Amino acid sequence: MSGRDDEALAIKTVHEGAQEYLVKGQVDSRLLVRSMRYAIERKRAEEALAKERDLLHTLLENLPDRIYFKDEQSRFLRISRAVMNQFKIDDPAYAIGKSDVDFFSPDHAQVALHDEQLVMRTGEPIIGKVERETLPDGTVTWALTSKLPMRDKTGRVVGNFGISRDITILKKIESKLAEDRNLLRSLIDNLPDYIYVKDTRYRYIIDNIAHRRFLGASTEEEVIGKTVGDFFPKEFVEQFSRDDQSIIEKGEILVNREELLVVAGKRRWHSTTKVPLRNNEGQVIGLVGISRDITERKEAEEKVRQANAELASSKEELEKVLADLRKSHEELKSAQFQLIQAEKMQSVGRLAAGVAHEVKNPLAILGMGIDYMTKNLVSQDGNVELILNDMNDALKRADSIILGLLDFSVPRALDLHSEDLSVIVEQSLALVKHELASYPITLVRELGTDLPPVYVDKHKIKQVLVNILTNAIHAMLSGGTLTVRTHSRKLGATEVDHDHGWRLADRFRVGETVVICETIDTGVGIPPEKLAKIFDPFFTTKPTGKGTGLGLTVTKKIVELHGGTIDIRNRSEGGVIVTLMFKV
Amino acid sequence: MDKKRILIVDDEASFTRMVKLNLEKTGQFDVREENKGTYAVAAAREFKPDLILLDVIMPNMDGGDIFAQLQSDRNLKMTPVIFLTATVSQREAGVKGFNSGGALFLAKPVTLENLIACINQNVRKPEPEEA
Numbered sequence: 001m002s003g004r005d006d007e008a009l010a011i012k013t014v015h016e017g018a019q020e021y022l023v024k025g026q027v028d029s030r031l032l033v034r035s036m037r038y039a040i041e042r043k044r045a046e047e048a049l050a051k052e053r054d055l056l057h058t059l060l061e062n063l064p065d066r067i068y069f070k071d072e073q074s075r076f077l078r079i080s081r082a083v084m085n086q087f088k089i090d091d092p093a094y095a096i097g098k099s100d101v102d103f104f105s106p107d108h109a110q111v112a113l114h115d116e117q118l119v120m121r122t123g124e125p126i127i128g129k130v131e132r133e134t135l136p137d138g139t140v141t142w143a144l145t146s147k148l149p150m151r152d153k154t155g156r157v158v159g160n161f162g163i164s165r166d167i168t169i170l171k172k173i174e175s176k177l178a179e180d181r182n183l184l185r186s187l188i189d190n191l192p193d194y195i196y197v198k199d200t201r202y203r204y205i206i207d208n209i210a211h212r213r214f215l216g217a218s219t220e221e222e223v224i225g226k227t228v229g230d231f232f233p234k235e236f237v238e239q240f241s242r243d244d245q246s247i248i249e250k251g252e253i254l255v256n257r258e259e260l261l262v263v264a265g266k267r268r269w270h271s272t273t274k275v276p277l278r279n280n281e282g283q284v285i286g287l288v289g290i291s292r293d294i295t296e297r298k299e300a301e302e303k304v305r306q307a308n309a310e311l312a313s314s315k316e317e318l319e320k321v322l323a324d325l326r327k328s329h330e331e332l333k334s335a336q337f338q339l340i341q342a343e344k345m346q347s348v349g350r351l352a353a354g355v356a357h358e359v360k361n362p363l364a365i366l367g368m369g370i371d372y373m374t375k376n377l378v379s380q381d382g383n384v385e386l387i388l389n390d391m392n393d394a395l396k397r398a399d400s401i402i403l404g405l406l407d408f409s410v411p412r413a414l415d416l417h418s419e420d421l422s423v424i425v426e427q428s429l430a431l432v433k434h435e436l437a438s439y440p441i442t443l444v445r446e447l448g449t450d451l452p453p454v455y456v457d458k459h460k461i462k463q464v465l466v467n468i469l470t471n472a473i474h475a476m477l478s479g480g481t482l483t484v485r486t487h488s489r490k491l492g493a494t495e496v497d498h499d500h501g502w503r504l505a506d507r508f509r510v511g512e513t514v515v516i517c518e519t520i521d522t523g524v525g526i527p528p529e530k531l532a533k534i535f536d537p538f539f540t541t542k543p544t545g546k547g548t549g550l551g552l553t554v555t556k557k558i559v560e561l562h563g564g565t566i567d568i569r570n571r572s573e574g575g576v577i578v579t580l581m582f583k584v
Numbered sequence: 001m002d003k004k005r006i007l008i009v010d011d012e013a014s015f016t017r018m019v020k021l022n023l024e025k026t027g028q029f030d031v032r033e034e035n036k037g038t039y040a041v042a043a044a045r046e047f048k049p050d051l052i053l054l055d056v057i058m059p060n061m062d063g064g065d066i067f068a069q070l071q072s073d074r075n076l077k078m079t080p081v082i083f084l085t086a087t088v089s090q091r092e093a094g095v096k097g098f099n100s101g102g103a104l105f106l107a108k109p110v111t112l113e114n115l116i117a118c119i120n121q122n123v124r125k126p127e128p129e130e131a
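Those sequence lines, one after another, are chains A and B. Using this note's numbering, read the first sequence as starting at 1 and increasing by one per residue. Using this note's numbering, read the second sequence as starting at 1 and increasing by one per residue.
Chain B extracted, bound-state conformation (with noise of 0.2 angstroms):
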C-alpha cells in the first residue's frame, strides 16, 4: 500500500519535525514540511500530498490564504486539508475537530492518536489510473 503523502505547514519547525517523525514513524506516512507560509502553495503543486496540514496564524500569509489559494487551484482544490490551529480549544474544536467552511479544524496540542484518526478519516483515496 502506498504511503499516504501529507504535507504539514507550520511556521513551528520543531512542531512539523515531531509531526513528520511520529507520522512517518508509523510507516503509513510520507511526510514533507514546510515551514513558510509563502511557499505552502508551491510545495502542495510539487508534492502533490493527499493531505495537507496547515496552521492558522503563520506569519506573512496565514492558513486562511492558503487555503483560499488552494481552492482556487485546478489540482490542489479537492485536496483535504486540515487545520491545526492554538486559536480554538478542544472543548470547541473537540478531539475530532469540527468543519467550517469546507475544513476541518484540530485544536492544538493534539495527540498523535487522534491527529492519526482525523488523517484517516479525512485522506484522500487514491483515484484510479486512468487508462
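Just chain A, with the same shape it has in the complex (with noise of 0.2 angstroms):
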C-alpha cells in the first residue's frame, strides 16, 4: 500500500517481490480483498512455478544424460551440465545462440540439423537413435540419442529439444565383444575340427565350416535347428545322443573320446570331448562339442602296431632261425670235427695199411731167415741161440704191431649174432685169467643173468673186453680190486642230454633200452691231461714194448662200428671205469 500513485514504483515494487501496488485513497474493500486473493494466488503459481523451475534446474545440472533445447534455426537456448562437460565450457550462456556447427565436426553436425530439421518438419520424434560423435579435436563419442519436436500454448513447433547419453564405452564394449566374436568365429569356422554348440533340446545352434562339410551340408541353415539324427546311421544316433543326455543333464564333460564312425560308407576315427555350455547364472543351457578327425593317426598307429607285432613275430622268428643257426652251427661244428677225426683216422688208416703191407713182407723175410738160422746154424756160442729167440720174439712183437693197424685200417665185416654180453665177458675173463693170475688183484663180478640179448659179432666183442681188461690189470700191477659189472636200463633224458661230449644223443633215444658193462679198476688212473688221446693212436701211457698203442684205438673203432659207446673216464675215489654200451 503506497500513498504515491506512480506505476514506476509500482513497477519496481513487483519487480522486487511485491505481490500488488495498491495506492491509499483508491482502495475501497472489494478491490483490497480481491487484491488480497490474487496476491495469495500469485504467490502460490510463482512458487509452484519456481519450484517447477528448481527441478529442471536440478535435471539440468546433474542428469550425466546431455539434455538440450534448440530454436527453430538448431540454435541451443539452453543446455544441460553434462552438455557443457561435453563441450568443455564453464558458462553455459556461451553455447546460447550457437549450434552444432560450433561443437562438432562438420559431418555430425550437418547430420544433426537434418534430423532436428526432420523432427521440426514433421512433428515425429527421433527416439534412440545412435550417434556418432566427431569432436573437433578428433575425439569420437557415441551417443544414445533422442529428438524431440518443442511447441509453444499453441502447438505450433518453435523448435526442437534432445536428450543424448554417452555409450562411448558400450560401444568400444560391443566393439570388441563384436570383434570378439569374429575373431571367434574365424577361429572356428577355419579350424579343421569340427565344433559345434547344441542346445538343451540337442539341436545345433553352431557350427563349423569344418563341421557341416563332415554332416555332407553347405550352408549353416541346413544344419542350424537339427539334431544328429538328421545326418547319421540310427546306432550313431543313440551313443550320441546318450553322450549330449549325460553332459546337458548331468554336466558330464566327454574328453578325448576315440569313436569310429561310418559316414557315407567311410570309416572315419574321432577323438571328441564335450562339455556343457552354461548361461551366466551357471545353468546348463547346452553343450559345446568338439571332434577331430583322428583317422590318418589311428591307421598310422594301427600300421605301427602291426609294424611291432611283424617286428616282434621276425624277431622271435629271427631268434629262433638263430638259435637253429646256432645249433647247426654246433652240429656242424662237430660233425666237421668228427670228419676231421674219420679223415685223419682213414688217413692213418690207409698209411697203416700200407706201411703194414710193406713191413709184413721184410718181416716174412727175417722170419724165413730166423728159421733157416734156427734150423741149419750149429754155433759152439750159447748166445746165437739165444739171439736167435730175441730176434724171432722182437719179430712177433712187429707183427702183432702190423696186426693191431691192419684192424684199425681195414673195416672188417661183422659176423652179427643175438648174444648174451655176460657171457661174452666170461669168455673174455678167461682169456686174462692168466694175466690176472699175475698180479695180487681181486676180481669181482656182478654180471647181469636176464640181461635182454645184443646183437653184436663175439669175437670183436672179446677182442674189445681183452684189451679193456688188459688195460686194468697193468694199472693195478701193484694189486688192486677188478670189478666187471654189466646190467641193462632204459636211458633217461638228463643222461642223453647231458652227457658231458659222449655222444649218446647221436647214437641212443631217450627211453631206449641199452646193456651196459662197466669194469671198474682200482689202479693208477689216467693223467687227467691225457685223458682225451686215449683213443688217439699209438698213444699209450704203457712202458715201450708194453702196449702197441693201438689198443684203445681199435676198440673204439670195433664198439662203433656196433652202433654202440665206449666212455673212459677217471673215478673220484681212483682207479678208472669204463662204460661200453650196446643198443638192445
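Calculated from the structure, these hints are not laboratory results. Keep in mind the model is a prediction, meaning the values are calculated, not measured. Careful: at least some of the hints might be erroneous.
[What the hints assert, rightly or not] Just some of the chain A residues that point at chain B, by a computed CB distance under 10 angstroms:
1) 356
2) 357
3) 358
4) 359
5) 361
6) 364
7) 368
8) 372
Positions of the beta carbon are idealized from the N, C-alpha and C atoms, including for glycine.
Please assemble the complex out of the two chains, which come individually in their own frames, going by the hints.
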C-alpha cells in the first residue's frame, strides 16, 4: 500500500517481490479483498513455478545424460551441465545462440541438423538413435539420442530438444565383443576340427565349416535347428544322444573319446570332447562339442602296431632261426670235427695198411731167415740161440703191431649174432685169467643174468673186452680190485642230453633200452691231460714194449662199428671206469 | 720119393730165396723162384709145379691176374695155388690159411712150419703114369 500513485514505483515494487501495488485512497474493501486473493494465488503460482524451475535445473545440472533445447534454427537455447562438460565450457551462456557446427565436426553437425529439421518439420520424434559424434579435436564419441519437437502453447513447433546418453564405453565394449565374436568365428570356421554347439534339445545352434562339410551340408541353414538324427545312422544317433543327455542333464564332460564312425560308407575315427555350455547363472543351456578326425593317426598307429607285431614276430622267428643256426653251427662244428677225426683216422688207416703191407714182406723174409738159421746154424756160442730167440720175439711183436694196424685200418665185416653180453664177458675173463693171476688183483663179478640179448660180433667184442681188461690189469700191477659189471636199463632224458661229450644223443634215444658193461679198476688212473688222447693211434701210457698204442683205437672202432659207445673216465675215488653201452 | 715141385712167384727176391733155401733144405721140395709176375705163367708151363706159392700184390701183374690165367690154362688149372699175402692178417687167415675162390690164403709173415704143413696138405698128389 502506498500513498503515491506512481506507476514506475509500482512496477519496481512488484519486480522486487510485491504481489500488488495499491494506492491509498483508491482502494475500497472489495478491491482490497480481490487484490489479496489474487496476491495469494500469484504467490502460489510463483512458488509452483519456482519449484518446477528448480526441478528442471536439478535435472539439467545433475543428469549425466546430455539435454539441450534448440530454437527453430537449431541454435542452443539451453544446455545441461553434461552438455557443458562435453563442450568443455564453464558458462552455459557461451553456447546459447550457437549450433552443433560450433562444437562438432561438420559431418556430424550436418547430420544432426538434418535430423532436427526433420523432427521439426514432421513433428515426429527420433527416439533412441545411435549417433557417432566427432568433436573438433577428432575425439569420437557415441551417443544414444532422442530428438523431439518443441511446441508453444498453441502447439506450433518452435524448436526442438533432445536428450542423448554417452554410450561410447558401451560401443567400445560392443565393438570389442564384435571383434571377439569375429575372432572366435574366424577361428572356429578355419579350424579343421568339427565344432558345434547344441541347445538343451540337442539341436545344433552353431557349427563351423569343417563340421558342416563333415555332415555333408553346405550352408549353415542346413544344419542349424537339426539334430544328429538328421545326419547319422541310427546306431550312432543312440550313442550320441546318450552322451549329449549325460552332458546336458548331469553336466558331465566327455574328453577325447575316440569313436569309430561310418559316414557315407567311409570309416572315420574321431576324437571327441563335449562340455556343457552354461549361462551366467551357471545353468546348462546346451553343449559345446569339438571333434577331430584322427583316422590317419589311428591308421598310422594300427600300421605301427602291426609293424611292431610283425617285428616282434620277425624277431621271434629270427631268434628261432638264429638259435637253429647256432645249433646247426654247433652240429656242423661237431660233424666237422668228427669228419676231420674220421678223415684223420682214414688217413692213418690207409697209411697203416700201406705200412703193414710193406713191413710184412720184410718181416716174412726175416722170419724165413730166422727159421733157416735156427734149423741150420750150428754154433759153439750159446748166445746164438738166445739171440735168435730174441729176434724171433721181436719179429712177433712187430707182427702184432702190424696186426693191430690192420685191424684198425681195414673195415671188417662184422659177424653179428644175438649174444648175451655177460657170457662174452665171462669168455673174455677166461682169456685174461693168466695175466690176472700174475698180480694180486681181486676180481669182482657183478654180471646180470637176464640181460636182453645184444646183436654183436662176439669175437670182436671179446677183443674189445680183453683189451680193456688187460689195460685194467696193467694199471694195478701192485694189486687192486677189478670189478666187472653188466646190466641193462632204459636211458633217461638227462643222461642223453647231458652226457658231457659222450655223444650218446648221436647213437641213442631217450627211453631206449641199452646193455651196459662196466669195468672198474682201483689202479693208477689216467693223467687228466692225457684223457683226451687215449683213443688216438699210437698213444700209450704203458712202458715201451708193453703196448702197441693201438689197443684203445681199435677198441673204439669196433665198439662204434656195433653202434655202441665207450666211455673212459677217472673215478673220484681213484682208478678208472670204462663203460660200454650197446643197443638191445 | 720124388720131390715136390714148388713154384714161388713174388717180387721180393730175398723172400723167394729164403723160402727156396728153407724148403729145399728139408729135402722134400724142388723150388723155382719167379720174381716177375708177367713171367709167372710161362714159368709154370715150363716148370710144371705141384704147387704154386703166389704173392698177391706185385708190380705189372698181380696175383689175382696170374691166378686167372692159370685157371684158364688147361694144363695148369688143376695146380694148387697158395696165396702168400701181406694184405690179410694171421688172425683172419689163420695159421692154416683160408680158402677163397678156389685158392688158399696164407698171411705173411708165415712160419716155415706152417708153410710146410700147408704145402703138404694142398700139394697135388702125383697122378699115376698113363699106360
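Hint-by-hint comparison with the structure:
1. 356: holds, 7 angstroms
2. 357: Holds - the Cβ of residue 357 (chain A) comes within 10 angstroms of chain B, reaching about 5 angstroms at its closest.
3. 358: Holds, because the Cβ-Cβ distance from residue 358 (chain A) to chain B comes to roughly 8 angstroms (cut-off 10 angstroms).
4. 359: This interface hint holds because 8 angstroms falls under the 10 angstroms limit.
5. 361: holds, 5 angstroms
6. 364: Hint on residue 364 (chain A): holds, closest Cβ of chain B at ~4 angstroms, below 10 angstroms.
7. 368: Holds. Min distance 3 angstroms.
8. 372: Holds, about 5 angstroms.
Of the numbered hints listed earlier, not one is contradicted by the structure.
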